[in-house]
Amino acid sequence: MEDNNLARQLVFKKVWHKFVSLKVVVFVQHMLQNRIPSRENLNKRGIRVNSVMSCAEDYGKVESTSHIFFECPDAYEVWMNIYKWLRVKSVMHIDCIIHFNAFAETVQ
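Here the sequence shown is numbered in the numbering used here, starting from 787 and rising by one per residue.
If you're looking for bench data, these hints aren't it; they were derived computationally from the structure.
Hints are not guaranteed to be accurate.
Unchecked claim - Dumping the calculated SDA-like pairs for lysine to any residue here, alpha-carbon to alpha-carbon at most 20 Å: (1) 847 with 828; (2) 847 with 862; (3) 799 with 827; (4) 875 with 888; (5) 870 with 859; (6) 847 with 870; (7) 875 with 865; (8) 830 with 820; (9) 799 with 870; (10) 830 with 819.
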């Protein structure tokens, strides 16, 4: 638990940079804190989007924050193209904090 809090603090320090737009900072914070309005999070708050909790692309997975940004095959393809464009080889993590830290380290 303590390691996770330390990792989260390191991420927030990297995000709060003078050259990063405030709306990007807020979005990343929401993503890292699992506050993106995914079907899973809306359901936890008692908001029913529809009876199906799975991904809109019908991959059979619950639409969660990690699925939207990392687990979904479409998101995975986007990340692989970004890594290819940057000429970086990396392993994809589905945990938002681990992924952000790994990505930030590879592009420095």
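Numbered hints the structure breaks, given as an ascending list: 3, 6, 9
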